[in-house]
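Chemist: Here is what each chain is made of, one letter per residue.
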Amino acid sequence: MAVCIAVIAKENYPLYIRSVPVQNELKFHYTVHTSLDVVEEKISAVGKAMADQRELYLGLLYPTEDYKVYPSHMIIVYYTPVCIFFLLIENILLYRHTRYGYVTNSKVKFVIVVDSSNTSLRDNEIRSMFRKLHNSFTDVMCNPFYNPGDTIQSKAFDSMVSAMMVQAS
Amino acid sequence: VSWRAGSLPPVMCAGDQSLFTSLYTSLAQQLPKEPMEWRRSYGRAPKMIHLEANFVQFKEELLPKDGNRALLTFPFLHIYWTDCCDTEMYKASVKDDMLRWQSTLRLHGSVDWLIVVVESEAKKKNKTNILPRTSIVDKIRNDFCNKQSDRCVVLSDPLKESSRSQDSWNSFLTKLRTLLLMSFTKNLGRFEDDMRTLREKRTEPGWSFCDYFMVQEELAFVFEMLQQFEDALVQYDELDALFTQYVLNFGAGDGANWLGSFCAPVKRWSGLLLRRPIDMEKRELIQRGEANLLDLRSYLFSRQCTLLIFLQRPWEVTQRALELLHNCVQELRLLEVSVVQGALDCWVFLSCLEVLHRIEGCCDRAQLEANCSHTVGLWTYATEKLKSLGYLCGLVAEKGPTSEDLNRTVDLLAGLGEERPETVNSLQSPYKKLNEALSSVEAFEKHYLELSQAAMEMYRAIGRMRSSRLIGKSLAEFYMKKGDPERAEGFLDDSLRSYVAEGWSLQVTHTRKQMAECQKLLQQTEDYLQTSALLAGDANLTEEERKHFYQVILTFASQPPTVALSMAAFAQLRQMQFSPPGAVVHVGAALQLELRVRCLMPVAVQVEQLAATLHFSLEQGGARGRAGGTQRRTGQGPQGQGDGVVLFPQGSPLAGAGMGASLPPALELYEMQDRSPSDSSLNSTGVVCKNMHLLLRRHDSSRSSVTFSLLVGLSSDLPPLSTLSVGRVQFVQSHIYPVVQYEVYSQEPQLTIEPLSDNLLAGIPQKVKFTIATGHYSVKKGDALQLSNTDSMPILHSSCCSATILSSTGELVGERALSVQSSEKVTSISLPPTPPYHTLEFQLEVLCHIPPTPFKPDIERLTNGEVRHRPKNHSQADSGMIHIDQKVSIDCPWSIYSTLISLTFYVPFKAKHSILSAGKRKYIQVCLQNVSDTNFHLVDPVLTERQPTIPVELLSFNAKTQQTVCSQQSVFCLWEMRWVKHLPLCLQCAFSASFAPVSASDAHTAFKPYRYEFQLDRTLYSLKAEILPSSGDQHCRTGALCGLEVSITRQAEPSETEGEEEESTEIEGLRTTKLMYEVVDNSSNWAVCGKSTGVVSMPVAASATHRVQMEVMPLFAGHLPFPNIKVFKYLPHSAVPAIQPDTDSCLENDTMSLLDKGLDDQGDTASIRSRGSIHSVGSGEQQRGLPMPRLEPFSPGQVFYWSQGRQVLVLPVTDDHVMEVNVT
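Protein chains in written order, with our numbering: chain W, 5 to 173; chain Z, 13 to 1236.
Pulled out of the complex, with its shape left as it was, chain Z reads as follows (with noise of 0.2 angstroms):
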């Protein structure tokens, strides 16, 4: 059976050939147009097909014998074609020839026939006599067609362009179509059936994979034939899935014997071959029965190869072609079928060629760099076989293959057999390829890279990062045999780099070692010395190579370069401690650093140096709060640690078990910004470090290993850096991780003055200490501190003083006695000689005296003719306590400039004094208030007064003892004041008493006094108000203007010092001073009708009375309070800037500005007169100007208001009241 690619199912054509010719080229080009649906057997997918055929004439010997089952050559259909239209004719010798024709058939069994008449007008001209024409179709489909009419069609004017014509045609080719797929599914069902048979028979003797594999195979070319690519694949599967099974079932000892002939040992290695549509030598041979194993496959492959590049699928070609690859490698192993070594690479490079080859040639350059990943494996395959046979063939090896080698060589290419035919004239084929690699070492050597190159740069072109480092080290290992270590060295460094950075020990350790003689062999000694000291100390070599490499390392050491390498490989840095552990230390002092290192070598070493680099970074001062002396941080370590020791992370994958990385890779950080999804606004940031898993990992560290600890005293800043030196060869830790740092500080010596107790208090002596921190200055024989002394606070020195002297740590030194000179106006106290760095202490008792109150204010002049300012004194808002600002100017003998230091006392009492009157009895109360925190003892409250001249006399009513004052609260004494004549305009007391804290020990001398002034003033006004209800009226009613009547006494001369203070002014020789009265009712009780306020001007006199009518209106009934009226000093404003030197005691004096009320005031001034109810010496114009007059008000006692408390009776407008009551 011959079969072509690209042909068709026959038709043969019987009749009229000549009427067929004239018709064929038409019926070839129509039949394929439209597709048919194929409906097909054993429940597979109906199709749509476009039908062809060959028409070819009909022959008898060209008819199928019978039990010959060959599909290929099988006519499915016969046509007898006639244009008959003559009854006579057609009786004479068509009728004959179809009968014949038919009975050929039968004997033929073929029942797949149809007769077409083809009529034309022309013909039908011709002769007239004809019968009609139905009378001839009607004749043949009498004779032929018993049951089958539809086995007859017309065809009419086939040539003419007719719409007759079209529908003929239309109706006829549907026919045609209909009865080829009719015969398709027929023929073909009964041939699958067969073919099923003979499947089912596979398990008797005798029974032939090479026969069976032809039967299905025709089936195949069928399909093909048809256009059914994927049904031909499918058998073509079939067949592989059969033949796959034989073989495992072979392998697993369950034998056909059939199998036996493809066990035989494999003679020819020429790879596939994919450029025939078919190979016909390998179909022979598995016609015949003699193909091996890999005939089998290679032509089995090729067939599907063709079918799947039919079907557009060229990227399965590959993955297929590799796997076939594979498959086959292992199924001669599994059979184990004998072939020459070397032989089964030579075929896997060629055939892995050839597919690719192929695949080039059916797609265009984008397609296939887009499909790399198809590709790759199969030249990776290649490249893989390349280099084994270039092993094998000697053409790696340095000196060149041996004879051995060649005669190796030869037998492979023997076995390669003659060029086909196809690849002869092309220059790149693979049977040339591996000719000419196999030939020479170069040629080896160019056609290996060159197809290495391509692997690597597919590899790399889709991201496979790991499989093109692959190749690179095997081409490094390839460089390496070659003596070429240049060009080995850069893909040994990228695959060690990956390995490395994804953690891979076994290969880092692999790689290293084939880093380790490329670098040995060129000679980077450095480089070499180091990867060596990695090797030494990685946990996945053998101890003995371990030592091997540690031996390297001492042979050079030995040697003169000096050699510097990364510690990490040699020993790891495992923990740092610093004595004493605050690492903190000032300048000259010892700071004790205790490393300990691990070693990481396989045996011990002797370290001949230590050495430790630091880095030295000035640090400026303040940041520190150096200022604070005794908050110096402790714990500098970087993990906060408060002992002083520094452990550094062991991870370093150093110590090794299983992990590779050996030296300790950089951090990489990133910045991680969290953002809320919501609208984007910053939820937190961060930094992540993406290669934590290699930082943070976790070792075992039990392995034993040499732990040393060395002592280094240092005496300067930061070691960043340290080095291990065995002989020449030196180790250096460029960096270490966390950072380590101490401090080494300088101080500028300082002295601070602090309170032993919270609050100093004034008035009594309370101790201070005294704290000079040396810093560098070391206090010599007869320095001594000069204190300017003040009048207002003493120091109170004895001279047993002593001063204790502490060390930097805080560590008591000694404690020497202290002298303290005294004279009028300096202090002296010499210190006793101190070493830098150390503190000394010592406390001194002072004094502040309390200054008698009021507080004036005043400047003195310091000793040292520096302007002292005076106290000042601030009442605090929470505590209430006055406090005094004391400042001590100090001069220390390390500087030439004066320490100026601030204390604070608290005036721990305030006083307040009022008068009481009984009738006319009057008292002065004075109360005492104990502000402080602490409780005092009172003794001897006195009252006296500051111009014994008047005659005064002060009754005590208070306690002769002792009395106690605890923390805020209060005593009160009282004196009764009598006197002879007239009580004097104004009168100066002192009160005063002492007072001790109640805790001190030795109460009598520790009573302190205590002074209060203050000034009582007599009365200078008296105001006296009415309310006179409307006339005739006996009472006020609401709602009823009643009459207020306020008269102004003057009580008292003016004395002479008064006058001053009055602002008096002379109109018409009468010395009048102006005062300003206010009506104000707060509880609203009243309302004031008119004018409120007003200016009245009183003479200068005694008992000058001065009345002021109102009018006002009671709102409610009832006995109501008197409104309030005031008065106030008024001064003009022409006095004020006299009057006002120092705005502080203008505030002290709490002057009320008229500013605001100065346009009421006209207006008033203004009601009044008009009225004229008042006598008012009113002066508009002063007012208008500015500045504005101001009021002062009258001192306590100064203006005695009669109607204080007074009531008056209002009575309703009516009696009666209504009285709304709800009940519900």
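In isolation and in its complexed conformation, chain W is listed as follows (with noise of 0.2 angstroms):
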């Protein structure tokens, strides 16, 4: 499903980025960064009315030929201790070649890149894949021993996320 699929901080740095295949690393990491930009831009756009609207559309994110960028935005509202809502922003399939991407509140994103040759994906196959992987990133948050702001080394997520490459090929 899909190829790259990155967690990025509200600082703009990786908190969390994993590609297949392993040799277009480099491009996937170019690809994700520049997709900030756009991310960005969205959600600048839509930050005022952030308050009051609980769905958010990103919208077309930085195409590329090859690979779709979902961009998703998500607004996690932070409760103590750690107790995490989500909702989800729609994300609209109207273009062929976007990037799928997650923002949440605490301005972590989500940004999950896939083929652009997979066109049986739907958008809520890739809606699903954003909350499973922000289902996952609350438990990583959850952690007690993890640092918010490092970078994620949880075994859990990786697998999560491993199983959403697989499912891919």
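If you're looking for bench data, these hints aren't it; they were derived computationally from the structure. Hints are not guaranteed to be accurate.
Stated by the list, open to error - Here are a few chain Z residues that sit away from chain W, every Cβ distance over 12 angstroms (derived from the structure):
id, residue
1, S115
2, M226
3, E396
4, K397
5, N419
6, E430
7, L824
8, Y909
9, F969
10, Q974
11, P1009
12, E1057
13, F1128
Unchecked claim - If you want the footprint, here are the derived chain W segments under chain Z, 3+ residues with CB under 8 angstroms:
id, segment
14, 9 to 21
15, 27 to 38
Every value quoted in this text rests on a predicted model; they were computed, and no experiment measured them. Idealized CB from N, CA, C, for every residue including glycine.
Hints given; two lone chains; assemble the complex.
Modeler: See the structure below:
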């Protein structure tokens, strides 16, 4: 399904990034990094409406010939101690070449890159991938030994990501 | 079917052509003026449309043949025009013509028709014998519109400007519009139904997408004709989606036969053509079923583009274009269409530029600039494609294209075909651009740079810096390929910076590698080495690569120019350990500093030299509290560890797993202020680090790396800079954060004397500790401390005194004997030799004599000529202890000045005396209170009389044995006083006792004397008061005035000594003294009527009596105590200045100033005189002047109050008392 999955911190450094095939890793890094431009643009565009609007639409991200990169936008509200709410933001798959992404309220962004030739992928599937990714990320955050801002080294998270990647191939 | 853009739906006009022609202009103008609501089938929302029509002459051959569904030329309405008003004429010709027209229509199945009868006044006038006009219309209606009477309308005087003609026009137009719409609805509905039926057959074999395409497109054309661009666009979008679905299905293995034609190899890649409304060429290809995928997509998009631009949505065009281009590339791949390598790049490039040109053509500059974000994607895509074409055709290579490359270029250009006629004359057409760009290396460079710059600028303008940098980076790659590293450097640097700042390690590594190459070419040795060092320590690279870059450093290390690089890349300072841990040393001492450095190189490194630069900062003195000596700070480490270990944040990304930034970023600190929302007052303020995530990142430190420790001996201050060198290459760490510092101090020698216990007590010998901190002075043999002796504090020395020598860290170094020699004036302590920065300690015993009480102020001179201040005695408010500050002057060998040290001794006792009388016997009681915290033994309390000539016998009632006085408790001693003849006026007594602390071992020698001197005075005056009831009464009664008689009697002759003290005046040969009496009743039992105070003159003779009478009134009944009567010495003002030599004594004497009483006294004396009840020698005149007279109390025992404690019975005025009792 996915060829690259990235979790990006508020400050735009990667908390987690993994891609298949490995030889294209650098290219994916560049792609994901560049897509942050669009993510930031979209966030700032919808930022003002964020408070009352529950669903946000990030729209078309940086399209390329070879990959769709999906951004979605997610709001996480932190309650004490670490109770996380999330709301899914509408991601409309109008366009063929989009990157999927998520932005959490902690400004953590999820980016999923999907091979463009994988045409069978539906919007719902992408969304469920994000939901899974987010749940897993929430678990990571709930780990008392995890320091927010550290790179994610959780095995559970890793295996979940692997599962999403394997599904693709 | 041919159709031109801008066509209008045709309306066929039959009948009187000349009539129609005359009306045509106004008809064409009026028709679209008002909108009509168009209700539509299939639940589509009704919309208002402005109808327009193309009125053409009726021709039978133009009518659609049966079965021909072509909509474009379909006459939606037929109108028959006639202005016939003559029945004859109607019958003769018009009716037949109409019938013919009708039958033709019926033959072709046209049911949408309208007959217009035009009437004019002019015609009517000419023919007077005509039938009423209605009859013609009626006839027509009767003949043709059997059920549809509305198919015939009358238009009266259409060419005249009258309200009637206007009305008829309006109704005609409404009718016309209604009928047109009805026709549209009906015909389009039928067409759509047919089209759907055709679409449903798509699974059947033999179904052709192209045929269907033509059908649906026709619908689109009609909508376009009706100005319904939205609907037209929907038709194309549906076609697009249908085709896309087929391609996807084909990709999934479900192929359709008709798709085969679209899979034909791509022969032409001339790009999109958006300048024509309809690309007939491509349309024909589609119609013929010869179009390939690109043709179809191109045509489809050109139509969508046209419609979108009609709809004023140019930015959707750009978005769709980008998507289309990506999609086409994907679809060709999916359908496995064979395409010449590079052909698609050409197609994409041309298409991008074509779209951009088209957009530029319909928008102004400001709009374009504001919508960069929509176009920039196309710019970037075009840039990318041109770049890949350049690489493909060998235009980027340093040597230029090879013949193979040239062949390929020719092939690619051939596929572009001829330039289209629309753009032949334009200089900037995409076609020309591509042709030119591929023609030569220079032209390619020019165009590529142009595009890149444009894209970068646009990205920058919309704030997409990352995208901009990515293009910059590919530009840098291009320059590197071209062998132009100078221009590449800037772009690489820019990208590298941003990656480092955002912490993307892979990009950092990759870009850094390119940077290294660039710097190598530029021969920027230092930068190259620095980058190499970073790369050698980069965990993202393979071992071989890292070794390679390390080798680069080694190669340079053996060559002459010395290079200094940042150490961060090479090694990491992990830990610093100070020994001693406090990191505070004195001058001359050794401080060990252990550095722990982690090597980040892939292989073991031989470090030839390690140097540290220290920053010296001079800190003058006092802030550290050096005087304290012992309270030096320990643990100078910035993290406050006591063990002297300084750990450095391991963060810095060198260790590298996954984190890119190799140079530790500088701290970005910002001020932060938290203000309360309500009143914006400052809640808190602080400093925020913006790039904390980079600084405080954790790393997996389990990677194997070399860690080595170096021991460096340092002898001076602060190390902010350290250098490691390998051959000629030096690695410099420019600063160390957190700041590490150690302190080197230099200290003046210092002498302190401290008591061993908390408080030093006067009177008993106690030990004090002498501490000499030698500082920089080394005590030599023969050096001695010279203490000036004072009588009040002798130093009790013994020969066997020893001193201990401690090192600066508090270790015991040695113990030496100390010799103390004492002469009359000086005690000399010879010190043992002591090295600098050591502490010399010894103890001496001192004794402070208790001065006899009460202390007499005295000024003495010390032996060295200095004025010795008298020991000041202060009563401490809290403990009640009197303390004596004893100053000791010491001459130290290191200084020419004397050191003056003050020791405070506390007097442990406080004594009080009192006289007790029993009849004629008198007793003296001395109360000795122990105010110290120590318990004492007390022996031999003795009271002696200091003037033995006076025969007074003192009989002791005290225990002979040793008594213990506990802390804060008192001992009372009592003596009976017996005298032989008469008592002296004044008795000087001295109390003495010996005391020793309970804890003292040698009780016998330890007893020290305590002495208390006091003076007893004889009674000078006796005071007797008598209260007499008012005359004729037995008892005093409340509310009645009683007489108070006070008699003051002089008891003794003045003695010689006393005469001096007492103020006496000679009046008429009689010596008198002045006394002041005061009647005070504090318990408010009495009301003193009239004067309560007064001054009397007493003759200085025994038994001289003075009586004063006054009136008092008892306020209560019962046995009332007498009011208090007090007597003071009255000292006239003239004497005041003379006896005030010392303000202290004035205060001590408890003098009461009369200042505030002066005025009262004046009045009082006046009243006294007038009453004449008292003998008074007033001195009102004297009192008036300043300074005021003073009052001085008598010392205890000088006045005897006879009436002390007496009571008098006071009866109530009447006996009948009423008691109110309330019972509830």
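Chemist: So which of the earlier hints does this model not fit?
Modeler: 3, 4
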